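**Student:** Protein chains in written order, with my numbering: chain A, 1 to 700; chain B, 1001 to 1647.
Just so you know, these hints were derived from the structure itself, not from any lab.
Some clues are possibly wrong.
Some chain A residues near chain B, calculated using beta-carbon distances under 7 Å [claimed, not checked]: (1) 244; (2) 262; (3) 390; (4) 431; (5) 434; (6) 435; (7) 484.
Result set (DSSO-like, lysine-lysine): computed pairs, CA atoms no more than 27 Å apart in a straight line [stated by the list, open to error]: (8) 244(A) with 1404(B); (9) 1416(B) with 244(A); (10) 1515(B) with 1268(B); (11) 244(A) with 1438(B); (12) 259(A) with 1465(B); (13) 114(A) with 1465(B); (14) 1353(B) with 259(A); (15) 1581(B) with 259(A).
Computed from a predicted model, the values in this text were never measured in an experiment.
Don't be surprised by glycine CBs; every beta carbon is placed ideally from N, CA and C.
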Amino acid sequence: MATEKRDKEEEEVKTDDGSLKIKPRPIVQLGIFLVAHSPVFSVVFSAAGVLALLILPLLAKNTYISENALMPGSARSMLSNRDVSDGSKLVKDIKNYRLNHEGQGVEVQKLIGKYMSEMGAEVYYQKFHPEGNQFHPLHFFSGPDSYTLLDNVSCASYGVNVAGIIRAPRGDGKESIVLVTPYDFINGGDYEALSLGITGTLFSLLARVTWLSKDIIWLVADSRYGDYRPVAAWLTEYHSPSFKDSDLLKCGELNTADKFRRAGTMAAALVLKVDGRSERFEDTLSIYAEASNGQMPNLDLINVVNYLAVHRQGFYVKVEKVVSLLSSSWLKIIGEIFEAVGKLAHTLNPDWNFGIPTADYLEGSATLASSLYSQALGIPTGPHGAFRDYQVDAITLKVSPRFPPDSKTRQHDFFLRGAKLLEGTIRSVNNLLEKFHQSFFLYLLTSPSKFISVGVYMIAFALLVASLPMVAASLYIDGCKALNNSTLNPAGNFKSWKWLDAAKQVFALHLFGLIVTLLPYFICQVPGQHSPSNRSIMWGTTSSSLLLITFATIPGCSPFSSRRHGTNWAVLKSVTISAAFIGLCLMSIINFATAEIGALLLVPTCLIVQPIKPALRSRRIKSLLGAFCSMVLLTIGFPVMLFAISKGLFGEGLVGLSLGGEFWTWLESLWAWKSATYLYIGMVHLPCWLLCLCILFHPS
Amino acid sequence: MACLVRSWIPLLFLQSFLVAIAFGSNEGEEFSEELLLKPLPDRKVLAHFHFENRAPPSNSHGRNHHLFPKAISQLVQKFRVKEMELSFTQGRWNHEHWGGFDPLSSMNAKPVGVELWAVFDVPQSQVDISWKNLTHALSGLFCASINFLESSTSYAAPTWGFGTNSDKLRYGSLPREAVCTENLTPWLKLLPCRDKDGISALMNRPSVYRGFYHSQRLHLSTVESGQEGLGSGIVLEQTLTVVIQPETTSVETNMQPSWSLSSLFGRKVVGSCVLAKSSNVYLQLEGRLGHESKNVDTEIEAHKLWMNSDFDLSLKPDRVIRESSSLLFIFDIDKSSDSEPFDLGLTWKLPSKWSCEQAPLHASRFLMGSGNERGAIAILLKATESQEKLSGRNLTTDGRCTIKANIFQIFPWYIKVYYHTLQIFVDQQQKTDSEVLKKINVSPSTDKVSSGMLEMMLELPCEVKSAAISIEYDKGFLHIDEYPPDANQGFDIPSALISFPSHHASLDFQEELSKSPLLSSFKEKSLVRSYTEVLLVPLTTPDFSMPYNVITITCTIFALYFGSLLNVLRRRIGEEERFLKSQAGKKRGGLKQLLSRLTAKIRGRPIEAPSSESPAAESSFLSSKLIFKIILVAGAAAAWQYFSTDK
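Construct the complete structure from the given sequences, taking the supplied hints into account.
**Tutor:** See the structure below:
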């Protein structure tokens, strides 16, 4: 004990005269280094993020069937000419009936129902109300609504779905596969009727095969009120029926009470549509997969359809792309650069073949952009979106035949091939013992047979976002130093509370954003009919007056306050950037594509924005350029402006005056589809944009 | 197959031997074989094989049976089984087209997979043990995984909802059990003639398993003799119900297909099983009483019954019996032989249509809700067409006409049912429990210990059009090693049993019958019951395909967590800084100081000297060791790189 004490005393003596500089730990050192050189690193990281996004089409991998049980195309097709003639007869009957009769009856539905029951299926009809779900702020993220029928349902407008169920002969009835063909029973064109022909052909086959292990449901959705609504109504009735009495059931002569039938858990769903004539030599098959909030079906489902369509039935398969990008010159230049780099790399080492031709690059990036955009919008691209809400994998197949709809000889071949494609897909899904789980759920498509998995595409986002915390830290340090120099008040010298003022402002503006997000709900409650542009004006005026109130009531919030010793702009920017960082990261979990596009807009704005007054005062070219850039970015970043630009980009005409109205309609569609993008715009993008505006006009 | 062929020759010897014994002894063991054929309204044919084996009460244990299978009698003696039923089923019984209100459907429409129930004759405390042993014995006997019913999470003890009131009853079912010939073969082994002779020779495996529905059932019950000292007799009833679609060439869709035994099964009956006391084939035609004359006395009239303008039978029936709504043709196959095989055929001449009698309410069950969190189970009871005929039978004391329906349902423990959320809707109106619920018995499940059970007795008005019952549940989480193979398929909720305690199905024959076990069982009143569909609940499943990732991530997290935690707990930054500074101070003195400290220490505590010396001595050695290690690792990496690239 005595020696230990002595040792301690010795040590203490020695600390006093020891003057060696202690090295911090390497990770801390690295952090300090990054923060110290944050301007350089932020530029490097952001540029790398954009580059990583541009390079994605190069990194796309070929799709492959992950689940072994699927075995697509391994069985011989059993379709016969008898089935095709059954299908053709159905189409002919419907066409004849439609020619001879006009009106609102349900006779066409009954015709289809008769066909189904002749095939040996259990048939039923379902009435639904065309009114979709209303926006309710409190039910935003809740699942599909339980079936709440309005009490005063008018019988004036209602749709009638027909559905037929083929029970698997030896199956246990636990699972089912759903086929959907939307058809407008009143105004449906000749092309639409062809989809009934294909499915009718297939149904005739499925009714007599013995290999089924899952029941087959064929739903002919009444697409008079859109494609999505009838399917959603049917799914609601399937999964959460109301056992209560409803007036809708009493409408019309058709009694549908207690007739609804079910067939177990759904394994997969295929929506088939035929529209328009293919502009190519082959029949074209377009695959739509995006459901609400960027959810995708399992990649295996797309793979199976793509494999069968390309290698068995000879369809030209495509996914949607942004056509305007195909002809853009800047993308072409980038593609050429990548091609040249790829070639160079190939000469250096023959194993490096990442280069792809410019045309492929253009195609890939146009498809990728469309894939990103549809996912970011969060609105399903077809009736398959309704299935995703119930965790059912579903895709929409849109077939365009290469012949006019009245060509009889071609029609036979078209039915045969279309039905064979569906038969193969159903057979694969039928083989599944487990539900789809092997392959990817998070991916972007660059072509029907190429995909980018989540592990690759999140690099771009991570790089973009990575610079934000660095810059925030360095700005905070700068701001603290500036405050220390300027304030003489000892109370304000409380070191760790300097961000509080700025945080108050950021919080106030985020609260404002939340209120603005909820305002449309109350505007919709305003009695009387209002046009969308009127509503948008109401919204705009209430929001701006609210903003003024916010600025007036909360001290130090306004950018126009003349107080010299308000919040330091550097600290404010630091807190803003932190808030943007948190918002983007949260959004990336909910809908990655939204976060990616949001980061592309928000990160440069947040990084570049600086008070404009000192820049104007200094009159140096560098600072003037910075001020100009931030002005431009802020103009683009205004949501309405962004909407207008995206409209222009997608080749739709701009009508200047009705922009407000269109914007309102767009937002309405976003919230009606429960898209999280709406929340993102209101609660992350708008407040951050306002804060950047505050910084720009900061009086310092 | 090879096994079957090999067993042929000894079997022939055995058979002749057995015949001698059977006819020689007068023990009273009886075996009978019967086959009921019935065309169904949806162009299919039902074939119902019925074998009954009776062992009379006897006083000796372990005696030799002549006909009765020894395995079964041992089972009964060992586990004191009073009554037991085991069924293997594939496919679904179509209640709408195949009937739901006749004894055949109420006894033979079984849930998919395996269903087992047994009543024991043991003290209450030993029932569970007997049940567990019985499941294992049956599992071995029938080549099926019945032993999974041993676990207390998979069976229940219904009190009154099952129809048999006994506190020694246990019930369990395995919806996922695949049924195939491996289960049929041991079942056939219990028959004295196996499938070599008699009616059972028809059981051609491909045609049996090609059917739309097949259910093989084994029912055994003990008959108390009532006499002192005498044991109990056993009645073993084995049935196989098959629904087959006859191959048809006619394109006319409204014409019933014509068939014969050889076209249905690909085989013919050549003689009866010689050990059988009676072997009969019945053909039941439903819904054809209206156009027949009432008296069948004369030969011509009887002839008209089986050879008329509607249909032709290829063989002349030995007897024709009338039932309230159907005709029953009886054929004795004793007369058939190799030269003249029994090949009953039915040829339709005119399109005919009829419908089967249905249970008062048609039950269907489905899942509600979506997502991985919550859901609800709903049972929908819909009135059928035959309900109106049946109503008015059971008037309550206050004169209201009611239909009683029992619902018996087992919930696996991972379906956590909230019994208080039970909602009942009758004709789209929500009813309070007291209005329609007459009796209810709930035994909640215990996690990983026992399954939940719900028994309800509903009393619905006769004019009810539909009734719906919904009950909410939460999905539980399983431990990773509790997941079955193919866990991503989802988990099964066994079928619910809907029975109508005030409705009984029976065939009402107008004449006295011979002692046919099948017909007498049809004549007895049997409870009308129907099973609902099996439900598939998707539960949250871990990603089994990525154990490596999981291990890596978990290890990383653990390493980071424990590393930083230890750092926080152990290290004191202030002291460390001080220590570093002192080290820096020491450097000037260097070796001298160290030496002086050493000598001081040696003087003070001589024992500590070597230990305090070692770190100092090692310090230079340690660095060289470190360098050596680095070189070693770099060398290994280089070698790896070299060999991996060089192929």
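**Student:** Each hint needs a verdict: does it hold in this structure or not?
**Tutor:** Results for each hint:
This hint holds: residue 244(A) has a C-beta 6 Å from the nearest C-beta of chain B, less than the 7 Å allowed. Evaluation of the residue 262(A) hint against chain B yields a held restraint, the C-beta minimum of about 5 Å falling below 7 Å. A distance limit of 7 Å between C-beta atoms decides the matter here; for residue 390(A) the minimum to chain B is near 4 Å, and the interface restraint holds. For residue 431(A), the interface hint is violated, since its Cβ never comes within 7 Å of a Cβ in chain B; the closest pair sits about 13 Å apart.
Evaluation of the residue 434(A) hint against chain B yields a held restraint, the C-beta minimum of about 4 Å falling below 7 Å. The interface hint given for residue 435(A) holds, since its Cβ lies 6 Å from the closest Cβ of chain B, which is under the 7 Å cut-off. The beta carbon of residue 484(A) comes no nearer than 25 Å to any beta carbon in chain B, farther than 7 Å, and the hint placing it at the interface is violated. Using a Cα cut-off of 27 Å, the hinted pair residue 244(A) and residue 1404(B) holds, with the two alpha carbons roughly 22 Å apart.
Among the hinted pairs, residue 1416(B) with residue 244(A) is consistent with the structure: their alpha-carbon atoms are about 25 Å apart, no more than 27 Å. The straight-line distance between the Cα atoms of residue 1515(B) and residue 1268(B) is roughly 25 Å, inside the 27 Å bound, and the hint therefore holds. Simply put, residue 244(A) and residue 1438(B) have alpha-carbon atoms about 22 Å apart, close enough for the 27 Å limit, and the pair holds. About 11 Å separates the Cα atoms of residue 259(A) and residue 1465(B), which keeps this hinted pair within 27 Å; it holds.
Between the alpha carbons of residue 114(A) and residue 1465(B) the distance comes to roughly 25 Å, so the proposed pair stays at or under 27 Å and holds. The suggested pairing of residue 1353(B) with residue 259(A) holds, with an alpha-carbon distance near 23 Å, which does not exceed 27 Å. Proposed proximity of residue 1581(B) and residue 259(A) is contradicted: the alpha carbons are some 87 Å apart, above 27 Å.
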